[in-house]
Every structure is written in C-alpha cells, then in structure tokens.
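Here the protein sequences line up with chains R and D, keeping their order.
For the first sequence, counting from 1, position 228 maps to 228 in the numbering used here; every step adds exactly one.
For the second sequence, counting from 1, position 347 maps to 347 in the numbering used here; every step adds exactly one.
Certain hints may be false.
Copies of the same chain look alike in the list, so a pair counts if it works inside one copy or between any two.
List time: in silico SDA-like cross-link candidates among lysine to any residue, alpha-carbon distance up to 20 Å [what the hints assert, rightly or not]:
#1 Lys-2 <-> Leu-101
#2 Lys-2 <-> Ala-348
#3 Lys-369 <-> Asn-385
#4 Lys-9 <-> Tyr-134
#5 Lys-369 <-> Asn-383
#6 Lys-9 <-> Asp-67
#7 Lys-306 <-> Thr-190
#8 Lys-9 <-> Arg-106
#9 Lys-9 <-> Gln-105
#10 Lys-9 <-> Asp-103
#11 Lys-18 <-> Thr-317
#12 Lys-18 <-> Asp-266
#13 Lys-9 <-> Tyr-71
#14 Lys-306 <-> Ala-330
#15 Lys-2 <-> Arg-102
#16 Lys-377 <-> Leu-80
#17 Lys-369 <-> Tyr-71
#18 Lys-369 <-> Asp-67
#19 Lys-369 <-> Ser-380
#20 Lys-9 <-> Asn-383
#21 Lys-377 <-> Thr-81
#22 Lys-9 <-> Leu-135
#23 Lys-9 <-> Phe-130
#24 Lys-369 <-> Leu-80
#25 Lys-377 <-> Glu-316
#26 Lys-9 <-> Asp-70
#27 Lys-9 <-> Leu-101
#28 Lys-369 <-> Ser-384
#29 Lys-9 <-> Arg-102
#30 Lys-306 <-> Arg-152
No wet-lab data here; the hints were simulated from the structure.
Values in this document were obtained by computation on a predicted structure and should not be read as measured data.
There are 2 protein chains.
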Amino acid sequence: MKLFDRIRKPTLLLDEVKALRNIHWMAEKVRQQGIRFRPHFKTHQSQEIGTWFHQDGVDAITVSSVDMADYFARAIPPGLTGEGQRWSDITIAFPFNWRQLRDIQRIAAGLAPAAARLGLVVESVETVNFLTRYLDSTGVDIWIKIDAGYHRTGMAWDNPAPVADVIEAIGSGGPLRLRGLLTHAGQTFTASSPADVCDKYQTSVGRMNYLRDALTQRGVTSLQVSVGDTPGCTLCADLGQVDEVRPGNFVLYDTMQLHLGVCSADQIAAALACPVVAKHPERNEVVIHGGAIHLSKDYFMQDGEKVYGHVAFATETGWGEPVAGAYVSALSQEHGVVRFTGAGFEQAALGDLLFILPAHSCLAVTAMKEYLTLTGKVISTMNSNP
Amino acid sequence: MKLFDRIRKPTLLLDEVKALRNIHWMAEKVRQQGIRFRPHFKTHQSQEIGTWFHQDGVDAITVSSVDMADYFARAIPPGLTGEGQRWSDITIAFPFNWRQLRDIQRIAAGLAPAAARLGLVVESVETVNFLTRYLDSTGVDIWIKIDAGYHRTGMAWDNPAPVADVIEAIGSGGPLRLRGLLTHAGQTFTASSPADVCDKYQTSVGRMNYLRDALTQRGVTSLQVSVGDTPGCTLCADLGQVDEVRPGNFVLYDTMQLHLGVCSADQIAAALACPVVAKHPERNEVVIHGGAIHLSKDYFMQDGEKVYGHVAFATETGWGEPVAGAYVSALSQEHGVVRFTGAGFEQAALGDLLFILPAHSCLAVTAMKEYLTLTGKVISTMNSNP
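Whole structure, please, built from the sequences with the hints as guidance.
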C-alpha cells in the first residue's frame with residue numbers, strides 16, 4: 001500500500017471501515033433489545049471517532065476519567081467531521097475522586113443544558129456526604145458502583161443494607177439525582193471460552209437484578225441497572241434485564257479479544273506499523289521498532305507464553321490476516337521482539353513494516369496519541385499535542 | 001506537605017535532591033575509573049534534567065530513539081536551567097532504522113560542529129551497505145551492536161567472523177566512522193542477587209573484550225567497548241576494561257531496582273501521587289486513581305505476586321519509607337489496587353494521596369510526560385505538550 005511508504009517510525013493505523021462496522025453492529029444489537037447504549041470512549045479516546053457513534057444514533061457516553069469527560073464535553077474543533085458537536089450525557093465510570101470536585105462542577109455547569117447529564121459513580125456514604133456538603137447546586141446523576149464478582153472495586157452485590165445506606169445518604173430533591181446501580185463485569189476478560197463469557201455476563205446481570213429487587217423491597221424504586229463489557233455485549237445473544245450497556249473495546253477490538261474468541265481477526269480495526277530493524281535467523285526472531293512505550297506491556301498467555309500482539313504483513317489495502325505462529329514475545333522501552341514459529345521470517349526484511357495487532361488496544365491508543373487511517377488521514381485523541 | 005494540597009489527579013513527583021545525588025554519585029564513580037560516562041537519557045527524557053548531568057561534567061549522552069536524539073540536540077528553551085545548552089555527542093542506542101535515514105541526516109547536520117558526533121548502532125552488513133549507499137557526506141559514528149548474553153538483539157559475541165564482515169563493509173575514509181562494539185547487558189535486570197548482577201556484568205564485559213581481542217588479531221585496531229546498565233554500574237566496584245558506560249535508570253531508580261538490591265528506598269527519586277478513591281476493608285485493599293496509563297504495566301515478582309509498585313505516605317518534606325507489606329497488586333486503565341498485608345490500611349483515607357514508587361520508572365516517565373518537583377516546579381519531558 002502506497003501510504004505505508006511514508007511511515008518512518010511506529011505508527012498506529014486505523015481501519016475506518018472495520019471500526020465503523022464494529023460500531024454499527026453493536027449499536028444495532030443494543031437498539032434491537034431496547035436498551036440504552038452508552039459506549040465507553042476510553043478505548044478510542046477521540047472526538048472525531050466519537051462522531052461516528054453519534055451518526056449511529058448514540059447520544060450518551062461513558063468515560064474513565066474527569067479529563068476524558070472534559071475532552072468529550074468540548075465542541076469538536078473546526079474542520080473535523082461533526083464540527084461543533086459535543087456530548088452532554090456523560091457518565092464518568094470511575095469512583096468519584098474528592099480532589100476533582102471543582103473540575104466536576106465546571107464540567108457539569110458547562111454541559112449543554114437540554115437533557116444534560118453528568119453521571120458520577122460512588123460507593124460509600126462518606127463520598128455521598130462529601131458531595132452533598134460541597135457540590136454546588138448544579139445537579140449530577142449518581143450511580144452506585146457494585147461489585148458483581150470482579151473484585152476490583154464497588155459495593156458487594158449480595159449485601160443490600162450498606163447500599164441502602166448510600167441511597168439514604170443521597171436523599172432526594174438535592175443536587176444528587178440517584179440513577180441506579182452500575183457494575184463492570186471485568187471477569188469476562190479472563191473467561192476460559194465464549195460460553196464462559198456469557199455465563200459470567202449473565203451471572204453478573206443476575207446479581208445486579210438480585211440487588212435491585214432487594215432494594216425495591218426496601219422501598220427504593222426506579223433504580224436502573226448499567227452493565228457492560230465488550231466480551232459479554234459481543235457474545236451474549238440476550239443482554240438481559242438491564243437499562244444500559246457500556247462496552248468500549250469493541251470499536252477496535254484487539255488480540256486479547258481474538259484469543260478469547262470474542263472477535264475475528266478481521267474485526268480488529270487498529271494495528272501498529274513497526275519497522276523491522278534487525279533479524280536473527282538463528283532463533284527465527286525479528287526486532288522491530290515498537291516497544292512498551294507504543295503498545296504498553298499488557299499481554300495474554302497463549303500456550304504458556306506471554307503474547308503482546310499478533311503480527312501481519314502489508315496488503316494492497318491495509319494489513320492481512322495474522323501470521324500463524326508469529327507473535328510479539330518481548331517488549332522493552334523501544335524494542336519489540338517478534339518470534340516466528342511457522343512461516344513468515346523470510347518475508348520480513350530489514351526496513352519493511354510489520355503490523356502488530358496489539359494485545360490491548362485501549363492502552364496502545366493512549367500510548368500512541370493519534371491514528372493514521374488507511375486513507376491517510378490523521379485522527380487526534382485527547383492525548384494528541386494541540 | 002503543603003504542595004500536595006493542590007494535587008487533584010495522578011501526578012509524577014520528582015525529588016530533585018535525590019536525583020542530583022544519584023547523578024553525582026554515578027558521574028563520580030565512573031570518572032574515578034577513567035571511563036567515559038555516556039548516560040542513557042531514556043529514563044528522565046528531560047532537557048532540563050539533562051542540564052544537571054552537564055553541570056556534573058557529562059558531555060556525551062545515549063538516547064533510545066531518533067526522536068529523542070532530535071529533542072536533546074535542540075537548544076534548551078529560554079527560561080529553563082541551562083538555557084541555550086544543547087548536546088552534540090549523542091549515541092542512538094537502537095538498531096538503525098532504514099526508514100529514518102533522512103531524520104538522521106538532519107540531526108547529524110544540525111549538531112554543533114565542534115567535536116560533534118552522532119553515533120548509530122548497526123548489526124548487519126545490509127544496514128552498513130544501506131548507509132554507505134544513501135547517507136550523504138555528513139559523517140556518523142558507527143557502533144556494532146553485540147549480543148553478550150541478553151539475546152534481545154545484536155551480533156553474537158563469540159563469532160568474530162560476521163562482525164569482521166560488518167567492519168569490512170564499514171571501510172574507512174567514508175562517512176561511516178567505526179567507533180567500536182556496544183552491548184546492553186539487560187540480563188543484569190533479572191539477576192537473582194547483587195552478587196549475580198556483578199557476575200553477569202563482568203561476564204558481559206569479558207565477552208566484549210574476548211571479541212575485541214579476536215578482532216584485533218584480525219588487524220582491527222582502536223575498537224572501543226561500550227557497555228552499561230544501571231544494576232552493573234551501580235553495584236560493581238570495578239567497571240572493568242571498557243571505554244564507556246551507559247546506565248540510565250539510576251537517575252530515578254525504581255522498585256524493580258530496590259527489589260534487586262541495586263538501590264535503597266531513599267535513592268528512588270520519583271513517585272506517582274495518587275488519590276484514594278475507594279476502600280475495601282474486607283480485603284485490606286484501597287483503590288487509587290493511578291493505573292496502567294500512568295505507571296505502565298511493568299511489574300516484578302515478589303513472593304509469587306506481581307508487584308507494580310510500592311507505597312508510601314506523605315511526610316512534611318515529601319514521601320516516606322515504603323510501607324512494609326503494601327504494594328500495587330493490580331492495574332487497569334485508570335484504577336490501581338493497593339493491597340496492605342501489614343499496617344497502613346487505616347491510615348489511607350478517602351481523598352488522601354498515596355505515593356506509588358513505580359516498578360519501572362522509565363515507563364512511568366513516558367506515560368506521565370512531566371514532573372512536579374517537591375519545590376513545586378513543573379519539569380517538562382520530550383512528551384510534554386508544547
């Protein structure tokens with residue numbers, strides 16, 4: 001592909017056609033089930049890519065930080081697709097950080113007024129009391145973070161009393177508007193099979209509804225349930241009794257998802273183009289410029305080996321299928337080591353580009369800060385230099 | 001410490017006193033052995049911190065990428081310590097990437113003329129032939145990358161014939177000026193003890209000299225030997241028969257080095273300040289804002305567990321000793337999980353800051369893009385927004 005001639009160093013490529021297809025597929029699936037689609041934008045991190053969701057009818061989003069909320073609440077700069085568009089219904093799916101109170105107030109106050117909602121996540125009475133005491137009159141939505149089995153954070157799903165205490169502290173009529181219960185079923189990312197993904201997803205949904213029912217019996221009505229993870233939302237035919245889903249990774253997918261059986265290789269919409277800088281025929285390894293500062297050091301285990309990414313060659317229109325038996329076996333700051341256990345070593349010449357399908361696309365996007373599309377356009381993210 | 005009141009989100013703190021002490025200690029040690037000190041700047045990545053080395057007599061540096069060479073070859077912007085200073089003796093310790101030929105030419109041509117040297121690393125006849133054919137008349141230094149046991153990249157130390165072929169291809173009188181043999185003894189980073197570090201370092205130095213001697217017997221004279229890694233250069237009393245050393249990490253150190261017995265806790269000069277956002281007394285865990293996008297996902301193994309960093313509390317003047325038994329046990333994009341196996345859990349309150357001593361400081365610096373010093377000054381790096 002002619003575009004590749006101008007690539008001199010590690011460059012994150014985006015296949016827009018695949019990304020648009022991924023977005024459309026998920027938006028359509030969620031729409032058909034009558035559920036609100038609140039995609040997580042922490043994967044693509046780009047205002048411009050955000051407009052592609054908007055064009056597919058999405059009007060509510062999830063972000064992972066206050067900075068990201070700030071970025072997506074701003075109007076799209078002139079000259080970009082969707083110019084002027086901004087998001088006004090944003091949930092920050094991260095436990096509220098007391099030190100960012102003023103940032104939160106500023107963002108909430110700046111959202112477009114019609115139907116504007118800024119959602120915060122809390123998981124303790126102390127945090128609710130802090131917000132009640134210090135938040136000014138600008139209202140915010142409150143979601144209570146529930147641990148439905150992932151054990152990263154959140155309140156236990158099987159213990160309604162402390163959750164009821166948080167709800168009581170939120171009260172009614174004040175600036176805190178209780179929306180419901182929110183969880184991240186991160187355990188699906190370590191499932192053993194596609195069937196196991198769905199089991200874990202449905203178990204999580206079941207637990208959320210158990211808690212909702214228990215709270216309803218205590219007189220708390222109108223609680224919504226928000227769940228969402230790419231493996232579950234991709235693989236499970238029925239998304240269950242939930243009000244909204246928040247998958248994020250599916251816009252790009254990655255080889256962790258491929259390995260888990262969640263996506264196929266031709267759904268992976270991002271690849272890191274890396275120059276070959278050394279060859280080691282004695283061990284069928286190639287050294288590429290492309291390391292931990294480009295891909296991050298996330299990996300998955302395959303046949304007892306750490307895999308930081310799969311490997312493809314250029315085609316006339318982009319990159320090809322992953323080379324069987326080839327993988328990124330080690331990363332240091334700038335170096336990547338690609339091991340070929342089957343064919344492919346001979347084909348990788350010094351000065352050529354290899355295309356690395358990352359293990360974890362969200363972190364590769366953060367590291368790379370911008371995309372180059374297969375049509376030659378640069379797409380910025382929240383981390384791009386202004 | 002009053003400075004900490006203004007920290008709202010994950011912030012990379014730099015203890016200048018410790019960093020200056022680390023720089024001075026290493027510069028002095030190397031100077032006393034009559035060896036050239038060519039520190040690796042891939043750890044701190046900052047023009048301003050570079051001037052601290054300059055003040056300690058350093059005039060030659062190592063970088064890990066062409067972009068980094070470009071950054072350090074530029075004059076220090078007005079208003080910063082060392083204003084106007086620029087580096088003119090730079091080795092890019094990464095196998096030469098054919099696609100960056102023009103960038104290399106531009107940097108070489110722009111270096112200050114007096115004693116200016118740009119060093120490139122090669123490891124094949126093909127790459128030398130490529131440079132001979134396409135590089136313009138601006139001269140560059142050539143180092144041949146040798147694999148002295150790390151097996152990441154480089155030519156085998158125990159096979160002089162192919163190295164002699166590369167030297168023959170370099171020739172003499174052209175734009176390529178042969179300097180010598182270069183290795184990175186990365187195997188010291190996975191040593192089992194301080195004594196093992198020194199064994200591995202000395203073995204590597206011995207292999208480099210074996211190769212130099214073998215090439216001398218073939219009539220190749222004046223070859224220099226360049227080695228360097230923080231564990232070896234810190235721990236080994238005698239740095240051996242080498243012409244220059246290139247350690248980098250020692251300016252900040254980190255908990256991987258602490259774990260290896262290379263440094264003490266009070267030599268670690270960087271810590272990530274992270275707000276506490278959730279507490280889980282049932283498992284003595286605290287959730288912080290501080291994840292893979294701030295610390296990277298590098299880790300070391302301790303007692304069978306992955307450790308992404310150690311944990312300290314604030315003191316009047318900075319951060320304290322690492323809390324015994326406390327460590328970062330998991331990282332996702334924005335979340336960090338801190339596990340307390342001894343005391344400390346009670347002391348970490350919602351809204352407080354915990355100070356994470358990273359497992360791998362180089363990657364945390366890349367991720368965070370700038371430092372806040374304990375005296376309240378922001379220090380930029382090559383990745384800072386302009």
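*asked:* Cα distance capped at 20 Å. Does Lys-9 pair with Arg-102 within a copy, between copies, both, or neither?
replied: between (40 Å within a copy, 12 Å between copies)
*How would you classify Lys-9 and Asp-103 at a CA-CA limit of 20 Å: within, between, both, or neither?*
between (36 Å within a copy, 11 Å between copies)
_For Lys-306 and Arg-152, with the copy left unspecified, which applies at a CA distance of at most 20 Å: within, between, both, or neither?_
between (23 Å within a copy, 16 Å between copies)
*Indicate which option fits the pair Lys-2, Arg-102 if close means a Cα-Cα distance not exceeding 20 Å: within, between, both or neither.*
between (49 Å within a copy, 19 Å between copies)
_As a check of your reading, is Lys-369 near Ser-380 (CA-CA no more than 20 Å) within one copy, between copies, both or neither?_
Result: close both inside a copy and across copies, 7 Å intra and 17 Å inter.
*asked:* For Lys-369 and Tyr-71, with the copy left unspecified, which applies at a CA distance of at most 20 Å: within, between, both, or neither?
replied: both (14 Å within a copy, 18 Å between copies)
*Taking 20 Å as the upper bound on the Cα-Cα distance, should Lys-369 and Ser-384 be classified as within, between, both, or neither?*
both (5 Å within a copy, 12 Å between copies)
*Intra/inter-copy verdict for Lys-2 and Ala-348 if alpha-carbon distance must be at most 20 Å*: within (18 Å within a copy, 55 Å between copies)
*Using 20 Å as the alpha carbon limit, work out where Lys-9 and Asn-383 are close: within a copy, between copies, both or neither.*
Classified as both: same-chain Cα gap 18 Å, cross-chain 16 Å, threshold 20 Å.
*Could you figure out if Lys-369 and Asn-383 sit no more than 20 Å apart (CA to CA) within one copy, between two copies, both or neither?*
both (5 Å within a copy, 11 Å between copies)
_I want to check one pair: Lys-9 and Tyr-134. Are their C-alpha atoms no more than 20 Å apart within a copy, between two copies, both, or neither?_
between (48 Å within a copy, 18 Å between copies)
*At 20 Å max between alpha carbons, let me know whether Lys-9 reaches Gln-105 within a copy, between copies, both or neither.*
Answer is between; shortest inter-copy Cα gap is 15 Å, intra-copy 41 Å.
This entry satisfies every hint, going by the numbered hints stated previously.
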